[in-house]
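So you can see what is in the structure, the chains are spelled out below.
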Amino acid sequence: MSGWWDSAWYRAIWSTLSDVLPGNGELTKDIIKTLLVAIAVAILTWLANRTYRLLKLLKERIFPADDYRWRVERVRSTVRPNGPGLWLAIKQERPPQYDDWMQALPFIMTVANDKGGVGKTTTTVNLAAAFAARLTKPVLVIDLDPQGSASAQMFAGSDWRPKPGHQSPASLAIDGSQLPRWLAGEASAARQFTWKDSKGTTRQTPNALGLAAFYELTETEDRAVAEWLIGDRARDIRYDLFRLLRDPEVRNRFGAVLIDAPPRFSISSIQALCSSTHVLVPTILDNTSSPAVGYFAKQLRRHEALWPRLRVVGILGMMAQNLSLPEGTQNYERGALTSAKDALADNLRATKTELTYLDRLEVPFEIPYELSIPDRSIIGKTGGNGIAYNCLGNNEDGRKVRQVFDDLAAELERRIRGCKPVSSKLWLRPTARHLQPRAATTPLSG
Amino acid sequence: MANAIGKGGSQTVAKFLGAVENANVEPISGSVPSLGELVPPVEKLMALLMEAGAKKLVLTDLGLLLDLLRRFSEVSLAEFESRALRSVASASRPRAAPGAPPVDKRQLVETYLRRLEAALGNDGLFRAVYRELSADKNITKIEAIEIASRFFEPMAQSATRPKALKKILSRHEKLLDSRDASKSIGGQAA
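For the protein sequence lines, the chains are A and B, in the order given. If you read the first sequence in the numbering used here, its first letter stands for residue 568, the second for the next number, and so on. If you read the second sequence in the numbering used here, its first letter stands for residue 3, the second for the next number, and so on.
It is possible that part of the hints are untrue.
Straight-line Cα separation of at most 25 Å, DSS-like style, residue types lysine-lysine; simulated pairs [as the list claims (entries may be wrong)]:
#1 B:57 - A:919
#2 A:600 - A:766
#3 A:763 - A:730
#4 B:57 - B:46
#5 A:919 - B:46
#6 B:139 - B:168
Estimated spans, in silico, between C-beta atoms of each pair [said to hold, decoys possible]:
#7 A:789 - B:42: 47 to 57 Å
#8 B:187 - A:899: 20 to 30 Å
#9 B:60 - A:638: 51 to 61 Å
#10 B:186 - A:660: 44 to 54 Å
#11 B:108 - A:917: 28 to 38 Å
Please keep in mind that the hints were generated in silico from the structure rather than gathered at the bench. C-beta: ideal position from N, C-alpha, C; glycine also.
Based on the sequences and whatever the hints tell you, model everything.
Put into structure tokens, the structure is as follows:
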């Protein structure tokens, strides 16, 4: 039986030590030598241990193990009491193209307000129809309200609801999994608006396309947020819709994009605002709805780091009942619009972002009262047949409704045109179908 | 400024400011000291007094003064002193006898509208302007209704002066209410 003590190098060390140690007592020398060897082995063992620990530490630094503690901390940070909140706790990672892409055409306008039932959907779809008549390129409407009210109006007379187990186009759009070709290619997911005429025949609206939403949108929203919070999504989901809509391929396909946002700050709303150049705030002209504009403005201001290029294009009075009152008559609706404007301006004052660009243009935040959407039941009650702008015939009601939204589109266009980067060359039809040319709103040539 | 107030014999800052409100002064061009340069120190003084818990009356007067300095920020100090002194002196003379040229009501309404808009949201300043407006004998029912209609919302011509004044104040109060509610929301998103 032999071991390392029989090896040549050990024998050489042993004999060298015998020569170096003084005296002739071999036993004493053996004891001393044994002790020296033991000390050497201990030192080497200690050194090896330290080296191993150091290498292990280096390995953890370079190749981190899947540690769930940071994931838990990430989620906790979003719900901490008095913390920054869900949408601000995790620092935004804006795509590098954000500034460039936001200055390019087309304009994307989100119609939003925290308060429900103020007419966001009615405004969005009818305004889209009015823009479709004015622009040479198609107008895209994205319904991001899971109730699907805008979808029902956009696609009246056709089967637009997703089949069980399938996702709606709006869900796919916010899910971040679609390539620009999905929206801009030949087989685009965007469908043409449809409506039913007085004989019940389904017709299509040229130049107007939409992405439908339905109740499964909430499931997609929840999944996206959950996966993002625990760190399973590599990209910042707040900009998923931005990446899709502002991609050059999609931008070249559409003349304008309008988004119907849900009445809360869900991921759909956040994505809509992150990808929008403008936001329009509709409000009912009463004492309950006007303050809500202030609350909404506060949220816009609070989250402004997410959308530094977003611009408030105006506050729009909805369901106005006193539009026909003669001048010099008591009209509380004008006061409500003024109060809404005061609340909005007060909450946005001194912001460093683009939210108050109207101030710099010296354009009031409120869209003139005369352009408020009248409280005409006919506008809201055509849902079964389609968008009022399209499906009301050429009778007086139809003409009036179209005039209202054409005038509004012209005013919005004027306000958007005021901001040079986006609006200097809107793609407009040379001769608008429903508009009489007016000095203040002469359409630009495409 | 103190010189102007002292020589003019005005009893209150508000009266002095009211007198120089329409002083005919021209904006300066060049590097002559202007009234605008007084704004930052007065703002700092106001902030200091607010922190120190100064009387509301003092703060109101300072607010009025700031309003004036901002409005005439491009006017040179020397120019302002001479014109303001003249204006104050003429304002402190006894009232003209009947038959004197009437007050330009249109300009008065415009001035009040501008001042109310500028003071909106600043409680001390707004209430000072509002008090002055309420006490102004030149503001009759007709002017009050016109101001209320243009400042906030159209009113019937049959409305009374107090009702019109109340309407003017209500716009400011609604803004303060909205501000309070906004504060209580804090960082919560709906």
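(request) Tell me, in ascending order, the numbers of any earlier hints that this structure violates. (result) Failing hints, ascending: 1, 2, 10.
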